[in-house]
Every structure is written in C-alpha cells, then in structure tokens.
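Colleague: Sequence:
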Amino acid sequence: MSRLMQIAAILATVVFTTVYAGTHTDCGITQTSFSDCVAYIVDLESSIDPRCCTGLRDIVSSLPPTADARRSTCTCLQQMIVTVGKPIDAGRAAGLGGSCGVNTDIVPTSLNFDCSK
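FYI, numbering that gives the first Met the number 0 numbers position 34 of the sequence shown as 33, with every residue one higher than the one before it.
In short, the hints are calculated from the structure, not lab data.
Incorrect hints may have been included.
[Stated by the list, open to error] With beta-carbon atoms standing in for the labels, derived distance ranges: (1) D42 / P64: 17 to 25 Å; (2) D25 / V81: 17 to 25 Å; (3) S45 / D67: 21 to 29 Å; (4) P86 / S46: 15 to 23 Å; (5) S115 / P49: 30 to 38 Å; (6) Q78 / D42: 16 to 24 Å; (7) T53 / A89: 20 to 28 Å.
[What the hints assert, rightly or not] Only pairs whose alpha carbons sit at most 20 Å apart, straight line, appear in this in silico SDA-like list of lysine to any residue: (8) K85 / D113; (9) K85 / F112; (10) K116 / S45; (11) K85 / S109; (12) K85 / D35; (13) K116 / A92; (14) K116 / K85; (15) K116 / Q78; (16) K85 / Y39; (17) K85 / D25; (18) K85 / S45; (19) K85 / L110.
Given the structure is predicted, the values throughout are model-derived calculations rather than measurements.
Note that the Cβ used here is the ideal one computed from N, Cα and C, for glycine as well.
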C-alpha cells in the first residue's frame, strides 16, 4: 500500500474513532486535537505537522493539573492509536512534546504503555 493510502487509511480510522467516541466527550475532543500527530508517531510521516503541535498544546493547556486527568488523557490517546493498527515509534512519541515546545508526559510511547504511572 502506498504511503499516501496508508495515511488516508489512518486518518479515516481516526475520524471514525472520533465520531464513534462522540466528539462532545472529553476523549473525543482530545482525539480530534491529537489526530494530526498520529501519522508522525507511527512513522508514516517524516516530520511533525504544525497542526499536531497546535493540537498537543491545546490538549495540555486544557488538562486539569491532576494525575487522574493525565492518566485519562493518556489512555484516550492510546485507545485511538491502537485502532490505527501500527506500532508506535517510541522515540518519536517520547520526543513529541519537546519537538512541539510542550512539557508533557501524556503521549503513550507504545501500544502497551502503562498510563497509570
């Protein structure tokens, strides 16, 4: 499958997941904001889309400063990424916050990432 087709399939999955989750929910809003980051962290895009950084900043700035909120957001993002069916590039995921100028630890670095910590 061509790279463009893979990206289109991922975006379609993300849109379906977001619609299914209900964009009126906190998780749905979070997934919509993060959708432009997925192709980068699953290694289908070589660079970060500027909309990814905007979305990540929006997520972090609206996140209540509690451990529970961080865990819930991490779990929400992980559920979204799992539906894509591609492994996460741990280095890209771990460095996403720094690359976007956002101090955060909510981006899962693997499909089995433990968001409870």
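Colleague: Flag every earlier hint the structure violates by its number, smallest first.
Modeller: When the structure is compared with the hints, numbers 1, 3, 10, 14, 17 turn out to be violated.
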